[in-house]
Every structure is written in C-alpha cells, then in structure tokens.
Amino acid sequence: MSENVVEIAYCTRCRWMLRATWMAQELLTTFDGDIGRIVLSPGTGGVFEIHANECRVWSRKEDGGFPEITELKRRVRDVIAPDKDLGHADRERRGA
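Each residue of the sequence shown is one higher than the one before, counting from 1 in this note's numbering.
Some clues are possibly wrong.
Result set (EDC-like, lysine to aspartate or glutamate): computed pairs, CA atoms no more than 20 Å apart in a straight line [stated by the list, open to error]: (1) LYS84 - GLU68; (2) LYS61 - GLU3; (3) LYS84 - ASP34; (4) LYS61 - GLU71; (5) LYS61 - GLU7; (6) LYS84 - GLU26; (7) LYS61 - GLU49; (8) LYS84 - GLU71; (9) LYS84 - GLU3.
Label-pair ranges, simulated between beta-carbon atoms [stated by the list, open to error]: (10) THR12 - HIS88: 30 to 38 Å; (11) ASP90 - CYS55: 18 to 26 Å; (12) LEU18 - LYS84: 24 to 32 Å; (13) GLY64 - GLY33: 29 to 37 Å.
Keep in mind the hints are simulated off the structure, nothing from the lab. Glycine included, each C-beta is placed from N, C-alpha and C at the ideal position.
Work the whole structure out from these sequences, hints included.
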C-alpha cells in the first residue's frame, strides 16, 4: 500500500466539507493505488488548503479561490507520482 498522504483542510463555518469530500473522491479515483490515505481536517477562518506528503499544493488564500480539478490533479501528481500520465488533464495543459 502506498505511503502517500493527502490532507484537505477546509472551513466548517463556510460549509466547504462537500467540496473537500468531492475533491478527495476525485483524487482517490485518479490516483488509485498511489494514495495511501486522505485526511479531511475541519477548521475555521476560511481555510481551504491541500497538502500532498506535507507539501502544500493549494491554498485558497494564496492561490486565489478553489482549484479546477484538473489543476489540482496535476499538482498532486507532481508530488506523489511525477511520472503518472493524467490523460486529458495533461493534454488540456499543453493545449492539445
């Protein structure tokens, strides 16, 4: 089993749990076998941050809003499985 860990910290007061769980499901589906654990961490203060192996890959405050799912998958991939082909998500980035 993979040791890769993804953590999604979300604001409970902002009611972002559904968004966090949807993103967790998308990541688990895309990285089947590459992610050992996804942790959902409730918080406050408008937090929405995603870490892969303790490396921050997205911050709502610093990156400006919420990630498009294809961008999030690319950023997570770059940390946990750099050689993984993401198919259409990679082609969109290259403009193919």
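Comparing the hints with the structure gives:
no.	hint	in the structure
1	LYS84 - GLU68	19 Å, holds
2	LYS61 - GLU3	28 Å, violated
3	LYS84 - ASP34	10 Å, holds
4	LYS61 - GLU71	16 Å, holds
5	LYS61 - GLU7	17 Å, holds
6	LYS84 - GLU26	15 Å, holds
7	LYS61 - GLU49	9 Å, holds
8	LYS84 - GLU71	14 Å, holds
9	LYS84 - GLU3	16 Å, holds
10	THR12 - HIS88: 30 to 38 Å	33 Å, holds
11	ASP90 - CYS55: 18 to 26 Å	20 Å, holds
12	LEU18 - LYS84: 24 to 32 Å	27 Å, holds
13	GLY64 - GLY33: 29 to 37 Å	32 Å, holds
Of the numbered hints listed earlier, the single one contradicted by the structure is hint 2.
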